[in-house]
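Visitor: So the chains spell out like this:
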Amino acid sequence: MDVGRHPLIDVVTNAEVVACEGGSGDFRVRVLKQPRFVREDLCVACGLCVDTCPVMAGNEFDVGLKARKAVYRPFPQSVPAAYVIDPEYCLNFMGYLSDKQKQRVEKIRETKAKKHQKAIYANMLVCGHCTKACEVEAIDFDMRPEEIDLEVGAIIVAVGFQEFDARKLGNYGYGRFPDVVTSLEIERMLNASGVTSGHVVRPSDMTTPKRIVFIQCVGARGEGGRPYCSRFCCMNAVKDSMLIRQHDPEVEEVTILYTDLRAFGKGFDDFVQRSRDEKSATYIRGRPSKIERGEEGDSLLVFVEDTLEHQQRRIGADLVVLSVAAAPNDGATSLAGLLGIATDEYGFIARRDAAVSAVESTRDGIFVCGSAVGPQVIPDCVAQASAVAARAQLYLTGHRVERTEKPVEPLDLAGPPRVGVFVCHCGVNIAGVLDVESLARFAASLPDVAVATDNLFVCSSTGQEELVAMIKEHRLNRVVIAACTPRTHEPVFRETLARVGFNPYLLEMANIRDQCSWVHAEHRDEAQEKAKALIRMGVARARHLEPLHEGELPMTRSALVIGGGIAGIQAATDLAVQGFPVALVEKTDRLGGRLRRPNLKYLYPNMRSSAEVLEEKLKRLQSSGARVYLNTDIESMTGYVGNFEAVLKGPDRETLRVGAVILAFGADLHDPAGEFGYGTLPNVVTSAEFERALFENEDAVVVNGVKPRRVSFVLCVGSRDPNGFTGCSRYCCPTAIKQALMLAERGIDTTVFYRDIRTISTGAEEMYRKARGTGVLFIRIRPDRKPMVIGEGRAEGVRCFDDLLGRELEVPTDLVVLSVGMRPNRTDTARFHDMLKASVGLDGFFLERHPELAPVETAVEGVFIAGTVQGPKDIVDSVAQASAAAAKVSVLLAYNTVRLDPAVSVVDPDRCRGCGTCVDVCEFHAPLLVEKEPGFYSAEINASLCKGCGTCASWCPSGAITAKHFTDRQVHAMIDAFFAEEVS
Amino acid sequence: MDDKTGHSAKSKGSRKSTSTRWNPEIVVFACNWCSYAGADTAGVSRVQHEPHFRMIRVMCSGRIQPAFVFHAFEKGADGVLVSGCHIGDCHYMFGNERALEQFEITKNVVRILGLEEGRLRLEWISAAEGARFAKVIDEFTKEVRKLGPSPYGAKNSSAAWGKKATA
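Which chain is which? The protein sequence lines are A and B, in order. Numbered per our numbering, the first sequence finishes at 1015, counting up by one with no gaps. Numbered per our numbering, the second sequence finishes at 707, counting up by one with no gaps.
Among the hints, erroneous ones may be present.
Said to hold, decoys possible - Lysine to aspartate or glutamate pairs mimicking DMTMM-like chemistry, simulated, CA-CA at most 25 Å apart:
no., chain 1, residue 1, chain 2, residue 2
1, A, 270, A, 91
2, A, 632, A, 730
3, B, 675, A, 874
4, A, 163, A, 119
5, B, 686, A, 557
6, B, 675, A, 556
7, B, 682, A, 557
8, B, 682, B, 657
9, A, 995, A, 309
10, B, 682, A, 309
11, B, 675, A, 301
12, A, 868, B, 657
It is worth saying that the hints were derived from the structure and are not from the lab. These figures come from a predicted structure and were not determined experimentally.
Whenever a hint applies, use it, and build me the whole structure from the sequences.
Guide: Here it is as structure tokens:
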């Protein structure tokens, strides 16, 4: 929606690229836009046309589970909000007319065209229902395909993926058995505005399935000729199992059939553990061979070997969900051909260098992000999307547009409060638990409420249009939106209000979703009462809200990047090439972090030399104009967005003034002291030490003086530990396999002891298969029975319980390599947390503002994070985040000013007696005692330093300080409203 | 209640018993950055918990002055929970320490007013601690239930027994 209404973004839908010429900085692209037959500028999405259309078709968005008409809106929150007519189904298209009719229509068209008149009138159409029904004359059958020629500096390919066609796996019966569905189909069922309003049903008889079985890796990891991993399916199935449990208590059993449980991202393992704790699903390791119809009635039987219990099973299921892999989009290959970029062996858009490129295609000036490059989870897609924005900017220099704001005529908001209450359904997120219409009626009955209404999604473009319309119609001067948490959409609503001249601070939100319907679903009556109380309290506060106006401060248009590893280097380069002054501060004497010698020799999956990659990056950094400070640390930092002041301590001392800060100082590695004999046995090393040893000898592998003939790798050392770091460190599986493969190729016996193989990065799964093919032995162990390193004075073997074999084994070894996990750099994290107040998560890494919506932002404006400082990840992801952070910073630095929050504290000089309490309690030195008359002091608060916490307001003994937007009167009114008599 | 999700509407008759059961009314003062966000996190993670409380959001726990707490009890609150960021983690650096200082004063006065100690509680809850927020609410609700209706609340009949639960 933000995209749809941005003045600099032109959304061209129903269109595709048909030609592309030129090169980076100067592409000439021809786009063919198919007609919608509905005028986008006129359609108001009222839906009247749909009611009158006589033709039914399958709904693509609901994957055929729901019907639509020939005229339809693709999905509830589509941008633009206009409807579209499908020429394949609409009766008016030539295919339905006889030859004679076609001739007649053509003749009329010609005649009318000469007279510049609209050729098709409703009564000349085969079917004119929608045209007649439309009250704004938006239906236009005269629309023709349009060719649009664009001149652009850069191209971004984000064509996503399509589902693997599960019909290719005949043994799973998709297409034969109606109760075998794909993960996308069940998503549509679970979705509030989908087919069944969030309820899971068997397509065959619309009853609730009692037993659901999820089959993972359908179309991935070997099936159907595709070896790659589809990355998101494991977590998706776990999430679906939890949602199903919540929505449908009649579901008795959910089983997930997996091979490796790939919970690789931040918080993923904790989520899976929660699923296990809550028993949302039973996890069985096995890949089914076939699905057959069961004996009793319509149920299905899934034939699978439980590889951990060593049993052949026939699992009865009422519904089977195939977690289908992401496949390249059908049109991707031809698009790639048009653009002159390469695709990989599967048909996904190829990255320039799989070891390090996050978003670069094989051609300069053309970028790619999201699942177009291969399956991705959402946080990675979002980081990549921001990253391309940073990269593409390089080709757009000279076209920067200044912020143009049309001055808006402010609405007349004077007079007694006239409150409008908008209660949101949020699909079924709220409506599934609360009676929303009743809440609206209740709100309407409250004093000072001029109007109250309910809406499916107040945040959608139609919802917001209705909001604005009601404000104008009822001359509202206060708005209460009862919906989600203000922390999500308050800025969006505020902006909508500001655009129409309504002061954005006259908005109050009542949190009836995150803090009501979502958490009191088991107590519906009480939840309803609570929602009513929250609305009553919201209206009470709204009555006392005052219009506030933003101030402005200058923005220091330069940035500081802390940490000279690959992430820091990328971020600094991306910003500097745009012309912003950037300081890159590195504590040690060299840049490169973990990529520099002797830390990493080769990068997976293509074994590129780390030194070469680093050299390329450093060259770009050098020519970018960024200023590099080596042997320098940040001694202190104060300030806020647009106005940070950092004291650098290095060979010299320097104070820098910057507008934004990027934290990219990386992470530590787990120290396995005492584990597996590390520290006592000389031939037990960490993966990092192993890597370093590779530098010492080109021809042979020699570690600590040992030339091993048999090497054992132990994975997950220091990760996935309920007593320590519970998460996955993400980089260790591919690193260990890379190392194992190197050894195996030299004829060295290699064994890998693992819990789950999480080869997530591009090319890593293929590397895993290659390792297996080269004879690397993979032994699956149980987390509660760790392998034991045995030997006298040195490691001689590894004893373990092989979970797949079901037996204890002893593998002789000359060298044990421990794949150590990543750890937060606690000292530096604590220091920068103190300086900047950016939150730190429970895992010790910096906390992103939102895992999907804001993966590289912190809750503190102007402070960004990139790379392993946010959590374990590998090089490609760190580079993506670094570019993403640079993109976000460049948005700030693009302007000369930063807007000031007006919700600050103010002193009433008539009440102030100059006691100085406010000065004492404020951490930000905002209040100052000013001598008004000789001997008489009064406090004044500096609005640019005040953070709006309101502490001074609560301490002032005279009650002289008002904490704007969170005034005493507002709070007291809310307390009163809590206990007010019920008005029904 | 409509039938969208397949759950049958409860008949008014069967609700009678629940509506005459006394439920505590708890006011929770929460800071925007940590505890209110923690409650949202509980929401996002769908961690179910007791519903007998209402949140009042302020920017910082330092904003929570004794007068707010007294007013809540005066109106008949059975329990008041003051929450903010963990010490050392305040978004405004030391606002929560100010809150702690004021809380000592508040606690004293509340005691003098004759309210039981268990009715007023201070908790530091971070934005990530959704599960903990839910746990605190459940525990506090349980404790307040044991204490029964506030001695100041009995006067306010709408806040205690016999309130009709309207849909």
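Visitor: Each hint: holds or not?
Guide: Taking the hints in turn, this is what the structure says about them:
no.	hint	result
1	A:270 to A:91	holds (23 Å)
2	A:632 to A:730	holds (14 Å)
3	B:675 to A:874	holds (20 Å)
4	A:163 to A:119	holds (21 Å)
5	B:686 to A:557	holds (19 Å)
6	B:675 to A:556	holds (21 Å)
7	B:682 to A:557	holds (16 Å)
8	B:682 to B:657	holds (14 Å)
9	A:995 to A:309	violated (44 Å)
10	B:682 to A:309	holds (23 Å)
11	B:675 to A:301	holds (18 Å)
12	A:868 to B:657	violated (34 Å)
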